[in-house]
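K.L.:
Mind docking chain B on chain A? Use the hints.
Chains A and B supply the protein sequences, listed in that same order. Numbering-wise (the numbering used here), the first sequence opens with residue 1 and increments by one. Numbering-wise (the numbering used here), the second sequence opens with residue 1 and increments by one.
Watch out, some of these pointers could steer you wrong.
For chains that are exact copies, the list does not tell them apart, and a pair is met inside one copy or across any two.
[Claimed, not checked] Below, in silico cross-link-like pairs of lysine to aspartate or glutamate (EDC-like), each with a Cα-Cα straight-line distance of 20 Å or less:
1) K144 <-> E156
2) K82 <-> D127
3) K39 <-> E29
4) K82 <-> E72
5) K135 <-> E49
Treat the hints as calculated values from the structure; they're not laboratory data. Since the structure is predicted, the reported quantities are computational estimates derived from the model, not experimental observations.
2 protein chains.
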Amino acid sequence: MQSVIVDMDNVMANISRQFICWYRRETGEAVAPESLVGKPELGAFPQPEIVRSFLYTPGFFRNVPVMEDSQEVLAALNEKYKVFIVSSALEFPLSLPEKHAWLGEHFPFIQWQQIVFCGSKSLIKGDYMIDDYQKNLDYFDGEKLLYTAPHNQLVEGYRRVNNWQEVASLLLN
Amino acid sequence: MQSVIVDMDNVMANISRQFICWYRRETGEAVAPESLVGKPELGAFPQPEIVRSFLYTPGFFRNVPVMEDSQEVLAALNEKYKVFIVSSALEFPLSLPEKHAWLGEHFPFIQWQQIVFCGSKSLIKGDYMIDDYQKNLDYFDGEKLLYTAPHNQLVEGYRRVNNWQEVASLLLN
Numbered sequence: 001m002q003s004v005i006v007d008m009d010n011v012m013a014n015i016s017r018q019f020i021c022w023y024r025r026e027t028g029e030a031v032a033p034e035s036l037v038g039k040p041e042l043g044a045f046p047q048p049e050i051v052r053s054f055l056y057t058p059g060f061f062r063n064v065p066v067m068e069d070s071q072e073v074l075a076a077l078n079e080k081y082k083v084f085i086v087s088s089a090l091e092f093p094l095s096l097p098e099k100h101a102w103l104g105e106h107f108p109f110i111q112w113q114q115i116v117f118c119g120s121k122s123l124i125k126g127d128y129m130i131d132d133y134q135k136n137l138d139y140f141d142g143e144k145l146l147y148t149a150p151h152n153q154l155v156e157g158y159r160r161v162n163n164w165q166e167v168a169s170l171l172l173n
Numbered sequence: 001m002q003s004v005i006v007d008m009d010n011v012m013a014n015i016s017r018q019f020i021c022w023y024r025r026e027t028g029e030a031v032a033p034e035s036l037v038g039k040p041e042l043g044a045f046p047q048p049e050i051v052r053s054f055l056y057t058p059g060f061f062r063n064v065p066v067m068e069d070s071q072e073v074l075a076a077l078n079e080k081y082k083v084f085i086v087s088s089a090l091e092f093p094l095s096l097p098e099k100h101a102w103l104g105e106h107f108p109f110i111q112w113q114q115i116v117f118c119g120s121k122s123l124i125k126g127d128y129m130i131d132d133y134q135k136n137l138d139y140f141d142g143e144k145l146l147y148t149a150p151h152n153q154l155v156e157g158y159r160r161v162n163n164w165q166e167v168a169s170l171l172l173n
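Chain A on its own, in the form it takes in the complex (with noise of 0.2 Å):
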């Protein structure tokens, strides 16, 4: 059975929606989703510190939305391959049982022994990862899947998901 290792951030939990939500909470001003495009994630608001800081703010990633169509797609790769979480959690300490407790309530179906929480994805190994950072994919030597998020949206190179529908499509059929 092949192995495919799958990312949270952007990937899984939509971090850019959350971004935005909190930000307009805190600071009233409404960014438009086209204007993160081919930004860097923080970079892309007016005022980037204020970012930053939902990283250290409990509850930003215990109540990140749900991608669009991941669990169902996610059950049914379960079926079919090794399926391994594996999230850049180390960073921000805070994320560590939030990101935890977020796979619980919405992915129940992902055992413990297939969640990774790390700092640097340098040493995964496996047959297929879908992440939105280069950086990590490029330490991969199986197959990778850019997962398309605003930040990477010009990045040239890489073979893209668009969202979880084309990931059934290819990893599915």
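P.N.:
Showing chain B alone in chain A's frame:
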């Protein structure tokens, strides 16, 4: 630079000693370290369910004694190798923040980029792995080093390190 994957429990953290200490505190019974040799970690104790309950008790992982010489040798390894601390922490959710805080206290030179908390170690790649469990080493493609613990003392067929001085002899000379 080669990578060294280092386990926490029974390698950096003296879990056996912590089990014996908490067991005595809980039951009044002194279990001799020699009596653990060749037996399963929990099953070696007269009442394994008591030992198991420690794994869900706040403070158990936070206060484990540091394995002798591990700090000095790891600090030296950290200059010569890409060191990664890879610990199974997902089975016991309390251990996640406690192991994180423990590392920060006792191994402050280990950066967040070097820490991995996982369920399974089957997706970890690297050059050397130091671990007390054969199952973790068996997945590994690199050089496997079995760190001697009571439960594995009768296991044969692995290259063994009996203490951190032996790790130093092997990897620092």
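K.L.:
Decide, hint by hint, whether the structure agrees.
P.N.:
Against the structure, the hints:
In the homo-oligomer, the alpha carbons of K144 and E156 lie at most 20 Å apart inside one protomer (13 Å), although the nearest pairing across protomers, at 39 Å, exceeds that limit. Taking identical chains as interchangeable, the C-alpha atoms of K82 and D127 lie at most 20 Å apart only when both belong to the same chain, with a minimum of 10 Å there against 23 Å between chains. For the identical chains of this complex, K39 and E29 are intra-copy neighbours only, at 18 Å inside a copy versus 62 Å across copies, given an alpha-carbon limit of 20 Å. In this homomeric assembly, K82 and E72 come within 20 Å of each other (Cα to Cα) only inside a single copy, at 16 Å, whereas the closest approach across copies is 38 Å.
For a Cα distance limit of 20 Å, the shortest separation of K135 from E49 qualifies neither inside one copy, at 23 Å, nor across copies, at 44 Å.
When held up to the earlier numbered hints, the structure conflicts with hint 5 and nothing else.
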